[in-house]
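Visitor: Sequence:
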Amino acid sequence: MTRARRALTTGLGAAVSTTVATTLIASGTGLASATAAEPAPGPAATAERGVLDLLKILDPAAILGALDGTAAPGDLLGLQRPRWDNPLGLLTVTESVQWLRDGVAVTGATGDSYLPTPDDVGKNLQAVVTGTVLGLVPVPSITGVVRILAPSTGGGGTTGDLTGTPPQLSGIPGVGSLLQILDPVWSLPGVSTSYQWFSDDVAIPGATGQTFVPGLAQAGTTIHARVTGLLAGLPLISLLTDYLPIPAAPEQKLGATSQPAVSGTAKVGGTVTVSDPQWNTDAVQHAYQWLRDGTPISGATTAAYLLTPADLGRAITATVTGTKKGFTRATVDTEPVTPAVGDAIVASVQPRLTGTPALGQTLTASPGTWGTGETPTFGYQWLRDGTVLSGVTGATYAVTAADLGRALAMRVTATRTAYAPGVFTTSAVTVPKAATSTTAKARKKKVRQGKAAVLKIVVDAGSVSPDGTVTVTEGARTLATVAVPKGRRTIRLKKLRPGKHTFLVGYAGSQTTATSTAKPVRVTVLKKKKRR
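The numbering of the sequence shown is the numbering used here, which starts it at 8 and goes up by one.
No wet-lab data here; the hints were simulated from the structure.
Some hints here could point you the wrong way.
Below, computed lysine-lysine pairings styled on DSBU-like, alpha-carbon distance capped at 30 Å [as the list claims (entries may be wrong)]:
1) 502 <-> 526
2) 458 <-> 535
3) 493 <-> 451
4) 537 <-> 451
5) 534 <-> 452
6) 453 <-> 534
7) 463 <-> 493
8) 536 <-> 502
9) 451 <-> 535
10) 493 <-> 536
11) 535 <-> 448
12) 537 <-> 507
13) 452 <-> 526
14) 463 <-> 502
15) 451 <-> 526
16) 453 <-> 493
17) 502 <-> 440
18) 448 <-> 331
19) 452 <-> 502
20) 507 <-> 448
21) 534 <-> 451
22) 448 <-> 526
23) 526 <-> 458
24) 274 <-> 331
25) 534 <-> 458
26) 501 <-> 440
27) 526 <-> 440
28) 534 <-> 501
29) 452 <-> 536
30) 448 <-> 458
31) 537 <-> 458
32) 451 <-> 502
33) 463 <-> 448
34) 536 <-> 501
35) 537 <-> 453
36) 274 <-> 332
37) 440 <-> 463
38) 451 <-> 507
39) 463 <-> 535
With the hints as constraints, model all of the structure from the sequences given.
Guide: Have a look at this one:
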């Protein structure tokens, strides 16, 4: 037998366990000992034994890559799966793998190989391959124990009888320069080799050949490779090359081929947006900074910017900075825009009038609420029937006699810095006319035919001096309509026929006073006396 075959056989033999239950007890898995006394099988046990007879282990699972039942961190361990005796022959055996550390499952270790880590030093490693047929009672095959020892101080790494000199990297480090792995010299014949390249300890996708050409993505990083030796397709040992720093590539100049531009509503309260420039390369990342008269605006670092009162009449620009790995940083400025006054502010809570609209009462203006931002200053203008009351610009107003029967309203002007003033006119309130009472009395209740009946009429409106007209009627006939200056008038009714007369006197009211009617006045007209 050759030295290579003897070493491989020794490694395999040391890893094989032929006593499943004993191994489980030694590893602490808690399975019952195979030597413990078994009770006489009952019906259920007999049925289970029939199931177990479907699947038997001919050759147990074994760990490959260990020497004399030991290994060290970095020594890749392989798994030889068991060979099953399936009496039916047509049924598929479903297998699952779990590696154990001192009898406890190692999270995520469910494959055909396992690379011990420093955490495994001083621990016992095993693998359990569980076979099932038709999802029935599983049958486990457990490998022997491999003890993980602290690594030796000698170089090159060992696994069983397989050793190798450390692999080397050759070539000039740099972007676009070919690097090559100088394979280790293996201690056994027939060893195949696989490769994986790393950049800053992260595997480079697809970089699994003996050579590698660093690209811009690897500029400024550190390159190394892992070389794995395999026998019969099973990984037995992994070795690492030295780390090789790749210099950063000389930066190219990033240049804009078009200018960014500001678009949008250039007035206070409006939003402006800066477009990205075109560059002399693609995939450029952008950063933004808005400036007011050349000074950066705090927090204004996105492509869109909401113009504030502080921007009114100032020069607003945006700086766009382009960055890309391997290129110099470049900045480009927009042409300035000068924001105009913002739109007129609008009342979010409408102004209104409070108080009683009556003679001698006071009305008060509530200016309302005008959105968010700086509190506006307010101006007031009172209106009577929609006409401005000259000089009446306070927040309160005392109702006068001139307002009787008229509609009063208030116009609020709200002024906020950098915005057009907002104007709102309240709903009008009508001041009732002054109430009146009209009295009419006959100077004489009886008069001779041919004489006039004299009526004294008084219209009272309290503190208001009424004017307008009164009308005297008798039945459906109007006898007189006359003015009542200052509410007083005497009327002479002539050419009355003899008999009883009932007169009604009605006041027509005015712009400021209400109508009223006097109580009926009765006068008797006597026939003329006959001359003797």
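Visitor: Regarding the pair residue 458 and residue 535, is the alpha-carbon distance no greater than 30 Å?
Guide: Judged against 30 Å, a Cα distance of about 10 Å means the pair holds.
Visitor: Checking one constraint from the list: CA of residue 451 to CA of residue 535, max 30 Å. Satisfied?
Guide: At roughly 16 Å apart (the allowed maximum being 30 Å), residue 535 and residue 451 satisfy the hint.
Visitor: Would you check the hint for residue 537 and residue 451, treating anything up to 30 Å between C-alpha atoms as holding?
Guide: 22 Å, holds
Visitor: Residue 463 and residue 448 were given as a pair; does the straight-line alpha-carbon distance stay at or below 30 Å?
Guide: Distance ~5 Å between residue 463 and residue 448 Cα, so the pair holds.
Visitor: Can you confirm whether the C-alpha distance between residue 448 and residue 458 stays at or below 30 Å?
Guide: Between residue 448 and residue 458 the Cα gap is close to 17 Å, so the pair holds against 30 Å.
Visitor: Has the given pair, residue 451 with residue 502, been kept, meaning a C-alpha gap of at most 30 Å?
Guide: 16 Å, holds
Visitor: Could you grab the alpha-carbon distance between residue 537 and residue 453 and see if it respects the 30 Å cut-off?
Guide: Roughly 18 Å separates the two Cα atoms, so the pair holds.
Visitor: Regarding the pair residue 463 and residue 493, is the alpha-carbon distance no greater than 30 Å?
Guide: 14 Å, holds
Visitor: Going straight from one Cα to the other, do residue 537 and residue 458 come out at no more than 30 Å?
Guide: 15 Å, holds
Visitor: Taking 30 Å as the top limit, are the C-alpha atoms of residue 507 and residue 448 close enough?
Guide: 16 Å, holds
Visitor: Measure nothing beyond the straight line between the CA atoms of residue 502 and residue 526; if it is 30 Å or shorter, mark the hint as holding.
Guide: 23 Å, holds
Visitor: Going straight from one Cα to the other, do residue 452 and residue 526 come out at no more than 30 Å?
Guide: 15 Å, holds
Of the numbered hints stated above, those contradicted by the structure are hints 10, 17, 18, 24, 26, 36, listed in ascending order.
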